[in-house]
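Given the coordinates of chain P, work out where chains U and W should sit on it, guided by the hints.
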Amino acid sequence: MSGIASGLDAIPIIGLLFQFGGYVLANLPVMSQTTVAVAVPITLAALCGVLCERSGVVNIGLEGIMLTAAFVGWFVGAMAASTFGPGSPAPFFGVTAPLLLGLAAALVAGMAVSLLHAWMSISLRVDQIISGTIVNIGAAGITGYLYSLLASQSLTGAGQFAQFQVPKSVADVPLVGWLIYAVFNQGPIGILTIGLVIVFQVMLFRSRWGLRTRASGEHPRAAETVGIDVIKLRYRNVVLSGALAALGGAWLSMEQTNRFDANMTAGRGFIGLAAMIVGRWTPLGSFGAALLFASMSALSISLTIAPPSGDLGNLMSGVPGEFWEALPYIVTIVVLAGLIGRSIAPAADGQPYERESAS
Amino acid sequence: MTGESASVPALEMRGITKRYPGIVANDDISLDVRRGEIHALLGENGAGKTTLMNVLYGLARPNEGQILLDGEPVQIDGPSDAIERGISMVHQHFMLIPVLSVAENVVLGAETMANGVFIDRREANKRIAELAARFGFALDPEAKVGTLSVGQQQRVEILKALYRDARILVLDEPTAVLTPQETDEIFVLLRKLADDGRSIIFISHKLYEVLAIADRITVIRRGRVIGERQPAQTSEAELAELMVGREVELTVDRGDSHPGEPILEVEGLRVLDDRHHVAVPEATFEIRAGEILGIAGVAGNGQDELVEALIGLRRPAAGRVRLDGRDVTGVSPRSMNIAEAGYVPGDRHRFGLILGFPVFDNLVLTGYYRPPFCRGVLRNDAAVRDFADTQVERFDIRVTSSSVATSTLSGGNQQKVVVAREFDRPLKLLILDQPTRGLDVGSIEFIHRQIIAKRDAGTAVLLVSAELDEVMEISDRIAVMYRGRIVAQVDGRTADKSQVGLLMATGGDTNGAVEEARA
Amino acid sequence: MSGPVHARQSRVVLGDWTRSILSTVAESVVAILLAVVVGGIGITVFSGLLPNHSAFDVGLPFAAYGALWTGAVGSLNGLTSTLAYSTPLILAGLGVGLGFKAGLFNIGGRGQFLMGAVGAMAAVTMMGTHPNSLVVIPLALVVGTLFGTFAGFIPGALKAVSGAHEVVTTIMLNYVFVFATYWAISGPLRLPNSPQSITADVSTRGAALPIILGRDGHAGILLALLAIPLIWFLLYRTTLGFEIRAAGANADAARYAGMKTRQLIVLTMSISGGLCGLAGATTLLGVVHQMAPGYDTTIGFDAITVALLGRSNPIGVALAGLLLGGMRAGAQTMQIQVGVPPELVDALQAIILVFLVINLLRRWLPTRTGFESVALVPEGAK
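Chains as they are written, first to last, in the numbering used here: chain P, 1 to 359; chain U, 1 to 519; chain W, 1 to 382.
Hints were generated in silico from the structure; no laboratory data involved.
Wrong hints could be hidden among the right ones.
[As the list claims (entries may be wrong)] With the C-beta cut set under 10 Å, the calculated list includes, among others, these residues of chain U facing chain W:
| id | residue |
| --- | --- |
| 1 | G22 |
| 2 | I23 |
| 3 | V24 |
| 4 | L313 |
| 5 | T329 |
| 6 | S332 |
| 7 | M336 |
| 8 | G352 |
| 9 | N362 |
| 10 | V364 |
| 11 | Y368 |
[Claimed, not checked] Just so you have them, the derived chain U footprint on chain P, three or more residues with Cβ under 8 Å:
| id | stretch |
| --- | --- |
| 12 | 200–210 |
| 13 | 215–225 |
What you are looking at is a predicted structure, and each value in this text was computed from that prediction instead of being measured.
Note that beta-carbon positions come from the ideal geometry of N, C-alpha and C, so glycine has one too.
Bound-form chain P, shown alone:
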């Protein structure tokens, strides 16, 4: 009797799940393109984190690097535009010279900030959490100050990179059209990100650089005994990773929008950290987790704009919108605490490495 009773209980839930699935499918094209776009900065931040932590350096300053790059990119682009003129946008991606200049400046800025973190963490052996926190505080403070200086000047940005327009005929292809549309109807940084994910996934696990990186993050002494310079490798990787996070910042101020706002990163760096953890410190996994997190935002937007009807609608209206926004963070906590705890990160992550002196 109780078995049947519990079986009957299950039916409404199954019904709701079906309704939910139907809702998602119906709204898929709209949601998926937004999802990919929202996932871009998260993924780039996560990639930066993956590179650092796989080498053995904890980097929670992702937010700060992104913010700095967003500001510097926008600022340099704007200065270039106002000095040399905005230039005429190229047919692909709306590229102009000031924009490129801004992008380059953003990358340099990101790498410089990363270098600071690397120096503090690796050479000075400051606690890596503190070092990353200082990067965050510093970026917020200094960009905030400089931006407020500029507020009165009404400086306009150099413009923004334009999205690649997927032709409608392609987007309408059944079954996969929406996917192609979602992936390729993005700006240059967006499309580049997906490429970077694939590149780094392959490089991390198939190339010599990847092998040495992973070894340095797992067991730096073992790596040293076979002749790898762990310190130099960590420096190089951390600085390189800064360029990745910088791309994320540039996306914010030069692709998604044409402006800079104080604290515009709004926690994306930390979601990136979460995506890295949930994605098990792999590029592909991080991208997947970023998509998952982004989809939660997209879902919450969709639920607000086009709420479902019927039982599902009643259920969903009871759930506060903030729940969906908080969900990525809750998921990360559950992953950290529930499934794995601490054993999953690279084994030597966060431990400053002291070279055996050959004295």
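Just chains U and W now, kept in the frame of chain P:
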């Protein structure tokens, strides 16, 4: 077949001297290894074997002396340089990365490339399989190293050396973690490598193994070469004597002991290590009040786990522990402390002291929760300081005041702090783990006298030490631990040192089960 | 022990302790001075961006710092403003500093602060429209503190049970609590019959903290001043405090000495959260009075700055809190008088930290005392 043909030794180390602050680790050591020879380096912990090999591998630079390879003097700048010259080292604690595959571990640092960027996995796997087959063992190159048995992991380490075409292999205590069967297999492999023309340096303290596998044996003690032997012309007894030395310096008169009732009763204790392997299969012994039981044994034979189980830091898997009649199996360290058990941990910097704290805080580190040091939740600072001043005086701790940071004290004085803390009150049981490691003679003498005083006051004392001299000097009874078992219990005053040393190194099993490897 | 020996020892005690405290303080002071100089250079370099200022105006930093000083301590209102700004900084700084002492990184100050405000507002809301001030104010403060304690308990328990690193969990929880606050403001705490999402104004409910000094000096200041000796007492005079410091300095040795390190983790994170929650409650009841959507705080990072600068010592934290509070109080004046934006304080804060961390003093002048200046964060329970 032993390789006697080549006239120029493959490796010669001449007059190597290496000094560290406060100690001469290697004192004018000379040794040579021929091609195709298995040369054993025999000595106790701390004798200087590892330092010598660090010098060879480029991890340390000698203060004096020369290294010659095939007759040519060379300067070895670091591990990569050593590897390039054909010297490979298999460390006692494997330098393997558990989450990576066999192939990845083997090629790391010497990767076979398909093009400029990507590793040629197929080629690497092929070479690894070939090498393994050539020397008679099989390994799946794609298997994750963490899933392999210890014996297999060791073979991966050897593969690393072979992949780099090592001509000289150094193995540091290779059989320390192997089962007898795995040891047999390794010996067969080593002989094949030697027959292939390579030179092998085999560092060990295990006498019968060394006799079974080596072509020549060099014995090192306290940084010096004591002698060189050929297995056919020596015996375990002689080697043991060379290794531990005949002189027993008695600096403390232990007097007579008058043991009373059994205080610590251990029955069938079974303890697992961190990897859930059995560290102590079944320990049964007792210690009476007013007696010192010394546990002699080479480090790593289960003593750590036994002590941790007794003091409450590790839950035993089976068995019972009774303290003065009360069952204390698996209780917390705090409960043991309350039950009047004192504990001096083996690693004083990591477990015994908080170096950044002032001396007075460390003096009450295990007693702060008891009156008079606290009144309810409040610390009684005055009582703590008074106690500290008293202890500093009583235990002759050389400090200007008890408020200085403990990190400024010398090793001997730091240990005196730990001793002063634990010895202060009447104790039923006192457990000491390596109490005088790294200390100067004066501090050692002092602490030994304190231990004996404690015994005379009626405490049951358990002394665990890798220093055989120490155990023999002050113990009333000696138990020898080998592979987690107590293999012998002898009277402390009448025991013969080389006999005990032999027991430590062989566990009493002189069965030459690996004789075949010699052929 | 004879008299002269005591005297000898106490004289030496003074020497050693003083030297170590001095070197610790010196490091913070040097960092501040260097930051002031570098900040000044920065102001000069970017002065061209300010309207009505020439580029590379060397006099600008002096004017700016001068205004900062005047605004902070130049008048009674300035002083009380400084105290008001310092209150949450001191409270949260004590909380974060307590965590550091135990080897724990509480980055969750922001979330715990918000929960404290939510808790206080919840208490006020529940007490209806005409409660007794003598009841509702303490109640709101207590409930706010409890909410903050719970917010700190979660990551503490997670770490003790599963080993989940508190840095990540507290950061994640920050966002969870931000969203929870948002929901609370537009949901259960929302003022009925209001066209927008907004909570009640506590001053209409008699729940606002009374002003005791000047224009801004609310009673919460007293709580902060009280917390300083309380936490100091906890850390240095109780057995619990000893255990916390021991676990932070060497968790292994603490465990071997019989201390229950897991319980200490949970307890410390909870107290830390509670202090940050109290900071949130006092800020709501004393300054802001009402919660609108977007109610947020920068206290999370500010408290870390204060705790690091004050070396996690309650007295140091108090001084650092006053410094940062004064800077924020003076920033308004600076903007009005000189035109330099108040964000300068944020920038200075960051530069101070960089110099603190680089620890130039320690690297240039090797100390000869055994007591090296206190480490920035104890090694312990990571």
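Hint check results:
Using the Cβ-Cβ criterion of 10 Å, the hint placing U/G22 at the interface with chain W is not satisfied: the shortest such distance is roughly 19 Å. For the restraint placing U/I23 at the interface with chain W, the shortest Cβ-Cβ distance is roughly 23 Å, beyond the 10 Å limit, so the hint is violated. Because the smallest distance between the Cβ of U/V24 and any Cβ of chain W comes to about 28 Å, over 10 Å, the interface hint for this residue is violated. Interface hint status for U/L313: upheld, as the beta-carbon distance to the closest one in chain W is roughly 7 Å, under 10 Å.
At about 17 Å, the closest approach between the beta carbon of U/T329 and any beta carbon in chain W exceeds 10 Å, and the interface hint on this residue is violated. Because the smallest distance between the Cβ of U/S332 and any Cβ of chain W comes to about 7 Å, under 10 Å, the interface hint for this residue holds. With a cut of 10 Å, the hint placing U/M336 at the interface with chain W holds, because the nearest CB-to-CB distance is about 8 Å. At a threshold of 10 Å, the smallest CB-CB gap from U/G352 to chain W is about 7 Å, leaving the interface hint in force.
At about 9 Å, the closest approach between the beta carbon of U/N362 and any beta carbon in chain W falls short of 10 Å, and the interface hint on this residue holds. Taking 10 Å as the C-beta cut-off, the interface hint given for U/V364 holds, the closest approach to chain W being about 8 Å. Look at U/Y368: its Cβ gets to within about 6 Å of chain W, closer than 10 Å, so that hint holds up. Here the stretch 200–210 of chain P counts 5 residues with a CB under 8 Å from a CB of chain U, which clears the bar of 3, and the coverage holds.
Check result for the stretch 215–225 of chain P against chain U: holds, 8 residues qualifying (beta carbon to beta carbon below 8 Å, three or more required).
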